[in-house]
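Please put together the full structure from these sequences, using the hints given.
Sequence lines, in order, name chains A and B. Counted from 1, the first sequence has number 319 at position 319 by the numbering used here; the numbering is strictly sequential. Counted from 1, the second sequence has number 174 at position 174 by the numbering used here; the numbering is strictly sequential.
Hints are not guaranteed to be accurate.
[Stated by the list, open to error] Derived contacts from chain B toward chain A, CB cut-off under 8 Å, selection only:
hint, residue
1, Met1
2, Gly151
3, Arg188
4, Asn217
5, Ile219
6, Glu228
7, Asp248
8, Glu260
9, Leu270
10, Lys285
11, Gly292
12, Phe296
13, Glu298
14, Ala379
15, Pro380
16, Pro384
[What the hints assert, rightly or not] Here are the simulated distance ranges between beta carbons:
hint, chain 1, residue 1, chain 2, residue 2, range
17, A, Asn306, B, Gly22, 30 to 40 Å
18, B, Gly331, A, Gly331, 21 to 31 Å
19, A, Thr122, B, Gly210, 57 to 67 Å
20, A, Gly333, B, Glu52, 56 to 66 Å
21, B, Gly210, A, Asp172, 37 to 47 Å
22, A, Ala372, B, Glu382, 12 to 22 Å
23, B, Asn236, A, Glu310, 28 to 38 Å
24, B, Asn307, A, Ala235, 23 to 33 Å
25, B, Ala47, A, Gly148, 50 to 60 Å
26, B, Gly210, A, Leu171, 48 to 58 Å
27, B, Asn307, A, Gly333, 18 to 28 Å
28, A, Glu168, B, Asn307, 21 to 31 Å
[Claimed, not checked] Listed next, the in silico BS3-like pairs over lysine-lysine satisfying Cα-Cα at most 30 Å (straight line):
hint, chain 1, residue 1, chain 2, residue 2
29, A, Lys390, B, Lys375
30, B, Lys390, A, Lys375
31, B, Lys3, A, Lys375
32, A, Lys314, B, Lys293
33, B, Lys90, B, Lys3
34, A, Lys390, B, Lys222
35, B, Lys227, A, Lys293
36, B, Lys90, A, Lys375
37, A, Lys222, B, Lys293
38, B, Lys293, A, Lys293
39, A, Lys186, A, Lys90
40, B, Lys293, A, Lys227
These are calculated hints, taken from the structure and not from any lab test. Don't be surprised by glycine CBs; every beta carbon is placed ideally from N, CA and C.
Number of protein chains: 2
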Amino acid sequence: MKKKITIGYIGLGRRGYGVLKGCISEMKDVHIKYLCDLHEKHLQRAADLLAEKGLPGATLSVDYQEILQDPEVDAVFIMTDWASHVPIAKDAMRAGKYTAIEVGCAFDLQECWDLVDIYEQTGTPLMMLENCCYGRREMLALNMVEQGLFGEIVHCDGAYSHYLPDVELFLDLDDPIRHYRIDEYKKRNCEQYPTHELGPIAKVLGINRGNRLVRLNSIASKSVGLKEYARDHLANYPEFNTDYNQADIVTTVITCEGGETITMKLDTTLPRAYYSRNFTVRGTKGMSCEEGKVVFLEGMTEPVQNNEEEFFAKYDHPLQKEYVEIGERGGHGGMDWLVCRAFIESVKNGTNTPIDVYDTVTWMSIAVLSEASVKQNGAPVEIPDFTRGKWQNREPVTEGKYCLDKVCIDDTAIITD
Amino acid sequence: MKKKITIGYIGLGRRGYGVLKGCISEMKDVHIKYLCDLHEKHLQRAADLLAEKGLPGATLSVDYQEILQDPEVDAVFIMTDWASHVPIAKDAMRAGKYTAIEVGCAFDLQECWDLVDIYEQTGTPLMMLENCCYGRREMLALNMVEQGLFGEIVHCDGAYSHYLPDVELFLDLDDPIRHYRIDEYKKRNCEQYPTHELGPIAKVLGINRGNRLVRLNSIASKSVGLKEYARDHLANYPEFNTDYNQADIVTTVITCEGGETITMKLDTTLPRAYYSRNFTVRGTKGMSCEEGKVVFLEGMTEPVQNNEEEFFAKYDHPLQKEYVEIGERGGHGGMDWLVCRAFIESVKNGTNTPIDVYDTVTWMSIAVLSEASVKQNGAPVEIPDFTRGKWQNREPVTEGKYCLDKVCIDDTAIITD
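As structure tokens, this is what we get:
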């Protein structure tokens, strides 16, 4: 086992910089040897951060290839725009570097298959940093499902309900290096951001480990929210009169091999009262639901709401218990910290990652498949079996496999290479 | 305008008796001339009720045809099991009696077309007593939509999330005259109870009045909840080892002519924390949502929850204001009272009903269409235009049309025929 790992960190925009600042640069067992971005101002901001924290200076790079050629580098973090995750990941995996990619979606199925093929040829692990798999609510449900408390699981709901015009889509309009999601919304019409919902649900349902996603149906509403927002707020920008292809609401229903259904909703362009992932698990003996902040077990008396805290006290996932003890670190209530640790621990231990290449491509592929279904008025579209049959015998997710080793959260030690 | 109407009341089971007791028998402008049911004990219970209330005795009948032949009868209430609503309604409409049917669903499209044809031939109004159209939350949203406060409406959600094994499906197993829903759950697999959700949403979206339902996709989960419940609780009954065809969760997405989408969920056989219709309206300027009990308008600061009461105070539907003033009557928070009044007022005024034959069959037909879609893995199924093109020019729902006349709620007067 390695005590300290050496990484290249690629992509220093808003998200990349945020995770670097809140998580990676705080971890004493990580040596950040390279910082890489196409934009000088991003590189400088990140270099300043390391200096402020008293960390060794990193090599600043505009070409990730030089990182991949360095035999000292154990792993790379790819925090770039969605479209470049896969091309860089393919090169990184071929170079034998443990590869982490930020959340995103696929643009075609070939890139998904490429990742699988490269993994199977090289054995290099790939992990999507799907932080929502490490949400406290999601892990509580997983823990309770694994203990059988909800009975047989039948249905799950999820959503990405997050109103984005002010906080991302039209933010920094005067900055040439701004967020690219709006460009994708001009082009595509699909479930463009599936993994925050689907990742944790896939864990609960044992997807690619005894179960698999079989098909989906996706249905899109009209697209009027962004155009109306631009008309109201962006009179002096070209966005004022731009057309968007992306529907305001895309509803997707996935059917699983075990007969379970999953509903998903992409919901980012109509004003709404609060952020929600609507994480919901329904079984024959009980349920967990983000709306209502409720856990319910057969035998309890209806109606019940807002009782989640009682269940955190009783059934918190072991990893979350440890996390609560060390106090909040990183953003998003600890999810960022924990997902980064899961990857880093895998690198240190030389094991596969708890979210692996099959999980990553299965989740990412939903965007492409939903795009096809939307075009056919929600006709069923088969979801490829990226495991090529291995899902039947892959080990189920168990607590030990999914959890981090307990020592992984200790970042106070002084660790030498 | 008639001051008092004469009715025949057909179907005196749990629901029929409940509405008779809480609503119809309390209304001074209604003369209940006939009580009709196939079962002696139901007839006797209803007759006892009228006697207890000091009302004139009604003729007790086991054959609804005798009611239809009585020229004194203005209207009939059909409160029987789902399967007999349409056959009785067809006869009643042909006999020229204003016809109210309880909530239910269609078994084939032909019966829907038959109702349309008979209406168009005879001019006899038909109304489904969809009480949820008169829910306070639903009417608040309708009022705000009509005032343009939510902007352009893009998407609605609804659900029938009500855990039924204890309260209905397996209730009174020893009684030979028990609820028939369980039999439908053995046979069919579809959105069997669409109208509680779809009725109010159709009002909001102007369905059959400038807009129409174009197609749907329905996807069904596995069916395990009832079987497991029976295994756990019903060892001494034949239900112990019965198979159910009905999925635990059926998700349906409807697409409208205007590009709006509607999601629906039938959810009655898995334990859950609370009853919900998940009534949700999403527009370009705001939203209303039962989960969260929230109304949100652009410009408010996220997050907001539990602020519905403020909006009731400010934008309560005029009809609800009157209802609140007279104090709660009937069941389900006034919805039963108001929907019965809407029908009775139409009879008194000789007008069409606010939920008319086109609305009724459009909403009922979802069961049949969803059944077809479920069998094809959620493939899109076209929804017939039961108005045969008239939806384009039918008047939009306006407050006056939808509302009751304000005097209709006064039931304190002594009214002679």
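Results for each hint:
1. Met1: violated, 43 Å
2. Gly151: holds, 7 Å
3. Arg188: violated, 17 Å
4. Asn217: holds, 4 Å
5. Ile219: holds, 4 Å
6. Glu228: Result: holds, 5 Å to nearest chain A Cβ.
7. Asp248: holds, 5 Å
8. Glu260: holds, 6 Å
9. Leu270: This hint holds: Leu270/B lies near chain A, its Cβ roughly 5 Å from the closest one there, short of 8 Å.
10. Lys285: With a minimum Cβ separation of about 7 Å from chain A (threshold 8 Å), the hint on Lys285/B holds.
11. Gly292: holds, 6 Å
12. Phe296: Constraint on Phe296/B satisfied, holds at 4 Å.
13. Glu298: Holds, about 5 Å.
14. Ala379: holds, 6 Å
15. Pro380: holds, 4 Å
16. Pro384: Result: violated, 16 Å to nearest chain A Cβ.
17. Asn306/A / Gly22/B: 30 to 40 Å: Distance hint for Asn306/A, Gly22/B holds at roughly 31 Å.
18. Gly331/B / Gly331/A: 21 to 31 Å: violated, 49 Å
19. Thr122/A / Gly210/B: 57 to 67 Å: Because 59 Å falls inside the window, the suggested range holds.
20. Gly333/A / Glu52/B: 56 to 66 Å: holds, 59 Å
21. Gly210/B / Asp172/A: 37 to 47 Å: Cβ of Gly210/B to Cβ of Asp172/A: about 40 Å, so the range 37 to 47 Å holds.
22. Ala372/A / Glu382/B: 12 to 22 Å: holds, 20 Å
23. Asn236/B / Glu310/A: 28 to 38 Å: holds, 35 Å
24. Asn307/B / Ala235/A: 23 to 33 Å: holds, 31 Å
25. Ala47/B / Gly148/A: 50 to 60 Å: Holds, since Ala47/B and Gly148/A (Cβ atoms, about 52 Å apart) stay within the stated range.
26. Gly210/B / Leu171/A: 48 to 58 Å: Hint violated: Cβ distance 37 Å, outside 48 to 58 Å.
27. Asn307/B / Gly333/A: 18 to 28 Å: holds, 24 Å
28. Glu168/A / Asn307/B: 21 to 31 Å: Taking Cβ atoms as reference, Glu168/A and Asn307/B lie about 25 Å apart, which means the hint holds.
29. Lys390/A / Lys375/B: holds, 29 Å
30. Lys390/B / Lys375/A: OK: Lys390/B and Lys375/A at ~29 Å, within 30 Å.
31. Lys3/B / Lys375/A: violated, 56 Å
32. Lys314/A / Lys293/B: Between Lys314/A and Lys293/B the Cα gap is close to 28 Å, so the pair holds against 30 Å.
33. Lys90/B / Lys3/B: Given pair Lys90/B, Lys3/B holds - Cα atoms ~27 Å apart, limit 30 Å.
34. Lys390/A / Lys222/B: With Cα atoms ~23 Å apart, Lys390/A and Lys222/B stay inside 30 Å; holds.
35. Lys227/B / Lys293/A: holds, 28 Å
36. Lys90/B / Lys375/A: Roughly 41 Å between the alpha carbons, so the hint for Lys90/B and Lys375/A is violated.
37. Lys222/A / Lys293/B: holds, 26 Å
38. Lys293/B / Lys293/A: holds, 13 Å
39. Lys186/A / Lys90/A: holds, 27 Å
40. Lys293/B / Lys227/A: holds, 28 Å
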